[in-house]
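Same order as they appear, the protein sequences are chains A and B. Going by full-length UniProt numbering, the first sequence opens with residue 1, and the numbers climb by one from there. Going by full-length UniProt numbering, the second sequence opens with residue 1, and the numbers climb by one from there.
If you are wondering where the hints come from, they were derived from the structure by calculation, not from laboratory data. Some hints could be false.
It does not matter which identical chain is used: a pair holds within one copy or between any two.
[To be verified] With a Cα cut of at most 35 angstroms, we get these calculated DSBU-like pairs of lysine-lysine:
hint, residue 1, residue 2
1, 608, 622
2, 630, 199
3, 492, 442
4, 104, 442
5, 630, 552
6, 19, 232
7, 442, 173
8, 492, 290
9, 492, 463
10, 438, 552
11, 630, 52
12, 199, 232
13, 52, 463
14, 290, 463
15, 526, 492
16, 526, 104
17, 199, 338
18, 414, 290
19, 526, 246
20, 448, 608
21, 173, 104
22, 630, 512
23, 448, 512
24, 199, 622
25, 232, 290
26, 512, 463
27, 175, 290
28, 630, 338
29, 319, 331
Protein chains: 2
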Amino acid sequence: MKCYPVPRENLVLSIDNLKDDIPEEYLSHKECYENVIRKGSVLYDIFSELSKDRKHKAHQAPSNAYRISDGIMQNVNPFLLHFALFVPAITNQATPEQQAEFLKHGFGIIGTYAQTELGHGTFLRGLETTATLDLETDEFVLNSPTLTSYKWWPGGLGHTANHCVVMAQLYVKGKCHGPHLFFVQIRDIETHEPLPGLKLGEIGAKMGFNTADNGFLGFHNFRIPRNNMLMKNSQVLKDGTYVESKNEKLTYGSMVFVRVYLLSDMAYMLARAATISVRYSAVRHQSHIKPDEPEVQILDFVIQQHKLFISIATSHAFKICGLWLWQTYSKVMEDIGKGSMDRLPELHALSCCLKTTSTRDAGWLIEQCRLACGGHGYLMSSNLPSLYTTATAAITYEGESTVLLLQTARYLIKSWKRAMEGESLPATVSFLSEYFNKRYNKWENTPKGIVDGLKLVVAGVTKMCAESIQKHVSRGQQYEEAWNSSSVQLIKASEAYSRALLCEVFWFEVDKVSSTLSNNLAVVLKQLAELYITYWALEKRGDLLVYTTISKDDLDKLQERYEELLALIRPNAVGLVDSFDIRDEILCSTLGAYDGRVYERMMEHALKSPLNAETVNQSFHKYMKPVILKHKI
Amino acid sequence: MKCYPVPRENLVLSIDNLKDDIPEEYLSHKECYENVIRKGSVLYDIFSELSKDRKHKAHQAPSNAYRISDGIMQNVNPFLLHFALFVPAITNQATPEQQAEFLKHGFGIIGTYAQTELGHGTFLRGLETTATLDLETDEFVLNSPTLTSYKWWPGGLGHTANHCVVMAQLYVKGKCHGPHLFFVQIRDIETHEPLPGLKLGEIGAKMGFNTADNGFLGFHNFRIPRNNMLMKNSQVLKDGTYVESKNEKLTYGSMVFVRVYLLSDMAYMLARAATISVRYSAVRHQSHIKPDEPEVQILDFVIQQHKLFISIATSHAFKICGLWLWQTYSKVMEDIGKGSMDRLPELHALSCCLKTTSTRDAGWLIEQCRLACGGHGYLMSSNLPSLYTTATAAITYEGESTVLLLQTARYLIKSWKRAMEGESLPATVSFLSEYFNKRYNKWENTPKGIVDGLKLVVAGVTKMCAESIQKHVSRGQQYEEAWNSSSVQLIKASEAYSRALLCEVFWFEVDKVSSTLSNNLAVVLKQLAELYITYWALEKRGDLLVYTTISKDDLDKLQERYEELLALIRPNAVGLVDSFDIRDEILCSTLGAYDGRVYERMMEHALKSPLNAETVNQSFHKYMKPVILKHKI
């Protein structure tokens, strides 16, 4: 803990509470929760101390909160949404007076953000929770009219938070004004008992995130002051007058923020998986390459390099694209501050498809890393299973992947139409105009040529989608039906777009920065970028053959180059994952620790299993013994 | 339990022990084990009763054992390996006299099969456990000379089994004769204590299979009678003479058996995932297709059909290919009985690549089903997470997937060389000869045409691999080095081969059987087979464009046909999964039950969480309260 400059005497709880006696995978669901509250409370305490120092701005820094809890606890912190969504929702959507009031206790309350319901997720208009203005008492009455209207999923809601921001359909004088946000206390601060009129609990065990305390919440005529509606953008006055928001899209901001953030989060998860599996593959010896020589490091098998090096490269790709997307995000937010929202749709389209592609890629690449470690990767002590179950959740949360891809597709189709009408397009989609105007080059077997080719694929698929929609419309479907009929292809357009973006940004940003680096470093970074691009050119060769002038001979050369790159990267592989610089305490893996003591750690970890504390388990005497003795001769 | 015709009075334990009070996901690792022993012991008892009836042959029927435990317990039974590997190892590798001796207690002993070690898995020659003959005492002395030589992974070994079959390097008079099998008692039958000279325990928590009680085992000068070596094929005589096995390959049999079996097991797991996700998609309403109409069943989204129908089709494909492979297996075993082992390499090649492809496909398709259920698919109560973590283990166990694919590739390369030399080839690879002799047709846009095209891909990639190996050899590499250098492509050849096999067998077996079916049923089955083939033609269009004469226009037509098939299957989708006929007790899913009460079940299940038994968890008072009260104004 020496890295956190908070004097011990300032803390209410002892820092020793951060230690685990038993590895978490041996605990019950309930014990897991209690364990994370023990550790999370210490961190919350440290955080509150840090936040007194203005430099740290911890109170408004979800990514710091996340990192710290992640590193120390190897787990999702049920206090996470306090920083990641609760406080940001208030600071973005409440008036300055409301902010002062709602946040006056600082770390004295613990909040979460309750949007998703049992029956509705990404489709917000379908939410069923109601907030009805009672003009007489100047209050809103919150209700959950159906089972499906129960809030369901918010992290920290089950047993941890005592406040939340709730999204509910606003009803004033019998008229529905759609979903709005409300500040709601849900538990007593002293006793922590749920307030009367609420049904509150946790939603049960999940594939991962089992310390996140995801909860459910139902309202029965639950009253809050009118002023608890977050009124920065739209308002309800005392007399019931509804004042509309000037721009609905302003509420986008925080959702885009989290999606942008996820890109670098996935880079980090992938870096951890790559570190574990590459180090293990350097320690593990198995089988021979030359029959007369000793067993080899499995990292010397080309097929193992094929499985693992793409994860190293992808982690860098996500990191660099994440930074690029941050810059775009900041610029767009700056523009919005100046009153221009022109680039908001572009940012939205970029963040939707990149969020989806990065979370999906991270998921299957982590699994590929795990499977590359053979059976041992299946042990919880390798930490690869948890990395997967945590990463894969991101495919769904903060916008379901298919829904998001279709949003980007909508932007591509709109942009295609604008290209056809001769309008100029933002730089990130200007290739559509070039394609429409048939300004494109012959295939060139270089990274830049591949990037150009991948863009041709996006343009070609987008054009085909536009034609498919048109075809269905001409056969009598409404536009939205035709959209649905074409959705398999629309998803493809969106996926192709994110792939082209990732390759382009990775290659050109590396190229840009490499002149500022030592020659040795620049060479290695370029190898990784080229590996990434070549990998995807080969994966997508079907598309390239359809939409570009690439030849079979070009593909053979790319395959050969790909195998060359694997051989070039091999000597640096362990160095490359070491350079991710992830501490053993964060890796938390018997297979991936820096010292390479794989088998010793595996045995030590196994011996901590409570089952191994006794040579004979009680269930033998109770159940097995009578059955087997029945048969003994 | 009424389906098992065992009178209650014959059982030692009460059948009530099969019920769960608390869903398993809320238990600790240790409680999980104790829970499964409670239930597993009852099943073992029922089984032993059933086995008295010769019709059931339960003692030698691993698949029945597996099914029954799977159905009732939703979990892997630590007694499974007794039936699946322990008894078969003895019946296949021990002499009749040994069998009578070792199995004399029938169900009075519980066994497992200990092969894998901490340091070695699929590469058997690398195993380190030693069994050294002591001529003086006529015993073998078992030792684990290193940490990596500890047995590690065998199911049931940790705390359940009291016997096992151990694979160890046989040493006689200072000479190593390679890995052999030994019958070893490891725990006292009465007290269940590990015998002196053994280190025994469980290996810890895993991604799944947490009730399988996978264990470790170390030997320290542990003595067993010489006769405990399984001596059906090779023998060690009293004077230390080693009698070699007539055919080493005879030991293949049981490994092939399990691999063949896995195909139908994966069909069954996929059927469960498809049932859950299709039913849920019929219950779940979300968003609109036409703006002016109510929210639709999400199954009406074409992209949802795209995600799910392939799983229905694949389950049938695996089932049908599994049956076909069984027939091949039986025929080959019959031939071996008659002294001919000609088809053993072919069977080995088929079972290796089909095992790998079916387990991999099952894994990602189950994940696709889970993700298609949005956030709710992430809940343990959906049962989709467990289906995935169980299915994905099969990618590794019983032969690591990459190793197996390379074995099939070796067979393909050998066959290609034989084709070049004009030798005739078995039917399953005769297309290589045709390709070599340039006897192949122009592309035909039909299922049969696609199957032919997929075979051309296999031949084309195989040829390329052979050339690549040749190229590396001509550049100075040894053959095995060249093999390693070409392995990315070799894997591709193997994968392409299994895909062609699956498509061919599925299509032609359905075609063959359809004349015996009602017209309505034949139509639907053919739609599924065509969907499967078309799906894979589109997925593999890069290969088809390279190795066949398919045109871009053909691909567009296939895409259109694919979307037509989705629309044709949609009205039958729920009927198709109902026809898998999986009982709710086996599905064990809040999302997938037959009655469609999704949301009610989810809430009922959540309320069973022990955390929800109290409104305030003790950790609040102990940890959270002091921290938050520090800040309250």
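These are the hints, each one checked on the structure:
Taking identical chains as interchangeable, the C-alpha atoms of residue 608 and residue 622 lie at most 35 angstroms apart whether they share a chain (24 angstroms) or sit on different chains (26 angstroms). Proximity of residue 630 and residue 199 under a CA criterion of 35 angstroms is satisfied inter-copy only: 28 angstroms between copies versus 51 angstroms inside one chain copy. Both within a single protomer and between protomers do residue 492 and residue 442 lie at most 35 angstroms apart by alpha-carbon distance, with minima of 23 angstroms and 29 angstroms respectively. Taking the shortest alpha-carbon separations for residue 104 and residue 442, neither the intra-copy value of 63 angstroms nor the inter-copy value of 76 angstroms comes in at or below 35 angstroms.
Proximity of residue 630 to residue 552 under the C-alpha cut-off of 35 angstroms is found in neither arrangement, the shortest distances being 69 angstroms within a copy and 70 angstroms between copies. In this assembly of identical chains, the alpha carbons of residue 19 and residue 232 never lie at most 35 angstroms apart, being 43 angstroms within a copy and 54 angstroms across copies at closest. Taking identical chains as interchangeable, the C-alpha atoms of residue 442 and residue 173 are never at most 35 angstroms apart, the minima being 64 angstroms within one chain and 71 angstroms between chains. For the homomeric pair residue 492 and residue 290, the shortest alpha-carbon distance between copies (22 angstroms) is at most 35 angstroms, but the shortest distance inside one copy (44 angstroms) is not.
In this homomeric assembly, residue 492 and residue 463 come within 35 angstroms of each other (Cα to Cα) both inside a single copy, at 12 angstroms, and across copies, at 32 angstroms. In this homomeric assembly, residue 438 and residue 552 come within 35 angstroms of each other (Cα to Cα) both inside a single copy, at 23 angstroms, and across copies, at 19 angstroms. Within a single copy, residue 630 and residue 52 get their C-alpha atoms only as close as 70 angstroms, which misses the 35 angstroms cut-off; across copies the closest is 13 angstroms, which meets it. Proximity of residue 199 to residue 232 under the C-alpha cut-off of 35 angstroms is restricted to the intra-copy arrangement: shortest distance 29 angstroms within a copy versus 67 angstroms between copies.
Taking identical chains as interchangeable, the C-alpha atoms of residue 52 and residue 463 are never at most 35 angstroms apart, the minima being 55 angstroms within one chain and 69 angstroms between chains. With identical chains, the CA atoms of residue 290 and residue 463 are at most 35 angstroms apart between copies only, with a shortest distance of 23 angstroms across copies and 52 angstroms within one. Taking the closest pair of Cα atoms, residue 526 and residue 492 come within 35 angstroms of each other both inside a single copy (28 angstroms) and across two copies (27 angstroms). Neither within a single protomer nor between protomers do residue 526 and residue 104 lie at most 35 angstroms apart by alpha-carbon distance, with minima of 51 angstroms and 67 angstroms respectively.
Within a single copy, residue 199 and residue 338 get their C-alpha atoms no closer than 44 angstroms, and across copies no closer than 71 angstroms, so neither meets the 35 angstroms cut-off. Proximity of residue 414 and residue 290 under a CA criterion of 35 angstroms is satisfied inter-copy only: 19 angstroms between copies versus 58 angstroms inside one chain copy. In this assembly of identical chains, the alpha carbons of residue 526 and residue 246 never lie at most 35 angstroms apart, being 47 angstroms within a copy and 56 angstroms across copies at closest. In this assembly of identical chains, the alpha carbons of residue 448 and residue 608 never lie at most 35 angstroms apart, being 53 angstroms within a copy and 57 angstroms across copies at closest.
For the identical chains of this complex, residue 173 and residue 104 are intra-copy neighbours only, at 32 angstroms inside a copy versus 83 angstroms across copies, given an alpha-carbon limit of 35 angstroms. In this assembly of identical chains, residue 630 and residue 512 lie within 35 angstroms of each other by CA distance neither inside one copy nor across copies; the values are 77 angstroms within and 50 angstroms between. In the homo-oligomer, the alpha carbons of residue 448 and residue 512 lie at most 35 angstroms apart inside one protomer (13 angstroms), although the nearest pairing across protomers, at 51 angstroms, exceeds that limit. Proximity of residue 199 and residue 622 under a CA criterion of 35 angstroms is satisfied inter-copy only: 24 angstroms between copies versus 40 angstroms inside one chain copy.
In this assembly of identical chains, the alpha carbons of residue 232 and residue 290 lie at most 35 angstroms apart only when taken from different copies (33 angstroms versus 71 angstroms within one copy). Proximity of residue 512 to residue 463 under the C-alpha cut-off of 35 angstroms is restricted to the intra-copy arrangement: shortest distance 32 angstroms within a copy versus 41 angstroms between copies. Proximity of residue 175 to residue 290 under the C-alpha cut-off of 35 angstroms is restricted to the inter-copy arrangement: shortest distance 24 angstroms between copies versus 78 angstroms within a copy. When the C-alpha separation of residue 630 and residue 338 is checked against a cutoff of 35 angstroms, the pair qualifies neither within a copy, at 84 angstroms, nor between copies, at 40 angstroms.
Within a single copy, residue 319 and residue 331 get their C-alpha atoms as close as 19 angstroms, which meets the 35 angstroms cut-off; across copies the closest is 55 angstroms, which misses it.
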